[in-house]
Amino acid sequence: QKPNIVMLGADTLRADHLGVDGYHRDTSPFIDELAVRGTFFSQCYVPSARTAPSLISLLTGTWPQSHGIRTNFTSDTQTSLDASSLPSTLRKAGYETISISDWTGSDFGKFNLGFEKLDVPPDQWNLKYLIRQGPKDIRLFLSLFMHNRLGKKYLPEIYYLAGVPLTAHLGKSARGELSRLARSGKPFFLNVFMGTTHPPFGSDYPYYTWFADQAYAGESKFAMSRLGDPDEIIRSQKEPKEAFDLDQIINLYDGSIRQFDEELRRIIDHLRRCGLDGNTIIVVYSDHGMEFFEYNTWGQGNNIQGAASPRIPLIIIDPRQKGAGRHGKVVRSIDVMPTLLDLCGLAIPPSVQGRSLAGLMAGQHGACDLTAYFETGEWLAKPPGQHPEHLTYPELLELLEIPDESSGTLALKPGYEKIVNLSRDTMLRNDEWKLERLALNPRPLYRLFNIRQDPGCRIDLSAELPEMVQALSKLFDQL
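For the sequence shown, our numbering begins at 440 and goes up steadily by one.
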């Protein structure tokens, strides 16, 4: 029988805040157990720290330059993808394909990824949808009464309100699907994606108290403050580290991770009770990480320094074989699709640019020379600490338009697409070298680091090794 696949993802989950990656807090006891049972790819990188480009790369096995989605703000005409996707390929092979998500996962339904059954919200980047939510105080009040079947059916814009945790609801829906799928006997692919660890890190009780200072009485006691409307979010992007209660925000973030971990335990326990655990591949993943001013910026994908945004946890468990434990070499999220198809004995479509990791999972630790690519996202406002000669463009609200007023979808104005792409900082990384390319005016600035000798990337070797810079920089043009 073909193996089932269950993918369990959390938006904005950093790898280095998990116990299995050496974090000092007990944020992820169950995820740590899963890592021991399977293979933990500790150096997995996404190509973009924006949800839509990252998820599409994950599910098509292609770089953003190939599938064409490099921003969250895409028009209705851009949602039809040319590349083969994991759900569509599995569906052709006889699998039932299902995706469940909260407000962070509307892209699973927005793009033609091939899911047969969708339990996800409408597109969040839509002016009509945002207007229907009403003023901030009204929508927050209504959301207290709309987290039920009635609200989900008749007021989805309130039920799926951004920033309000739906972790327990998603877990219940996932367990219900597993019960149904166990009765059907048909092979399935179930994807569950949660916004539990996404700003404003508003977890349920008791998780927001789990790591918090009980004496704290500031405005971020229950969730990160000043993220209530678009103007607040844009303004916050420009503020320095001193403007945030950073210690408390990280406490909230870690508590959110603990809630995600507990919900995963409930889902996997139910998988076992349904008798599906012996033939179900489990994947734990994220779309990107989060910056907490390690290098002068906060948020997602504003910086190529460090690995806070591009590095994600990737754990794959195939119950039919012994796990390979911790794998410390560089892999990419585009390698997930070919890996899963390989494990299922299915052909990998020619459009896929990633490589199967199935051999590594089986303990074949031979040559694995992979190069990861990462690019910064479109910024909401100019990040603090940016190089004075960096290419620039206006803030987000000036970049957007509504191409089709009947749909209300927010999209990047075509006139700004070129400068936004030219202004992206980019990074290449393999097991030995990291090359950074900063989009300065009039020409890019390159920085080269030897990862093995200088893991903190403090010593720039670009002036000493220009031939290495030239050799690696050629890879940018091959994506």
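Any given hint could turn out to be false.
[To be verified] Heads up, simulated BS3-like pairs for lysine-lysine below, C-alpha to C-alpha not over 30 Å straight-line:
1. LYS768 with LYS913
2. LYS857 with LYS441
3. LYS761 with LYS575
4. LYS660 with LYS680
5. LYS575 with LYS821
6. LYS852 with LYS567
7. LYS660 with LYS611
8. LYS611 with LYS556
9. LYS567 with LYS531
10. LYS677 with LYS913
11. LYS852 with LYS677
12. LYS821 with LYS768
13. LYS677 with LYS531
14. LYS660 with LYS625
15. LYS575 with LYS531
16. LYS611 with LYS625
17. LYS441 with LYS575
18. LYS677 with LYS660
19. LYS852 with LYS531
20. LYS611 with LYS592
It should be emphasised that the hints constitute simulated quantities derived from the structure, not laboratory data.
Exercise. Are the Cα positions of LYS761 and LYS575 separated by 30 Å at most?
Worked result: violated, 50 Å
Exercise. Does LYS660 pair with LYS625 here, judged by a C-alpha cut-off of 30 Å?
Worked result: Between LYS660 and LYS625 the Cα gap is close to 46 Å, so the pair fails against 30 Å, i.e. violated.
For this session: Decide if the proposed pair is consistent with the structure: LYS441 and LYS575, CA atoms, cutoff 30 Å inclusive.
Result: Between LYS441 and LYS575 the Cα gap is close to 48 Å, so the pair fails against 30 Å, i.e. violated.
Exercise. Do the alpha carbons of LYS852 and LYS567 lie within 30 Å of each other, as the hint requires?
Worked result: holds, 18 Å
Problem set entry | Distance restraint between LYS575 and LYS821, which requires alpha-carbon spacing of 30 Å or less | holds, 25 Å
Problem set entry | Distance restraint between LYS768 and LYS913, which requires alpha-carbon spacing of 30 Å or less | holds, 22 Å
Exercise. Given the proposed pairing of LYS821 with LYS768, does the C-alpha separation stay at or below 30 Å?
Worked result: violated, 33 Å
Exercise. Are LYS677 and LYS531 close enough, with their CA atoms no more than 30 Å apart?
Worked result: Given pair LYS677, LYS531 is violated - Cα atoms ~47 Å apart, limit 30 Å.
Problem set entry | Agreement of LYS567 and LYS531 with the hint, judged by alpha carbon distance not exceeding 30 Å | violated, 35 Å
For this session: Verify the proposed pairing of LYS852 with LYS531, using a straight-line Cα cut of 30 Å.
Result: At roughly 36 Å apart (the allowed maximum being 30 Å), LYS531 and LYS852 break the hint.
Exercise. Is LYS677 close enough to LYS913, meaning Cα to Cα at most 30 Å?
Worked result: The hint is violated at about 33 Å.
For this session: Assess, step by step, whether the Cα of LYS660 is no farther than 30 Å from the Cα of LYS611, and give holds or violated.
Result: holds, 27 Å
Hint violations for this structure: numbers 2, 3, 9, 10, 12, 13, 14, 15, 17 and 19, all remaining hints satisfied.
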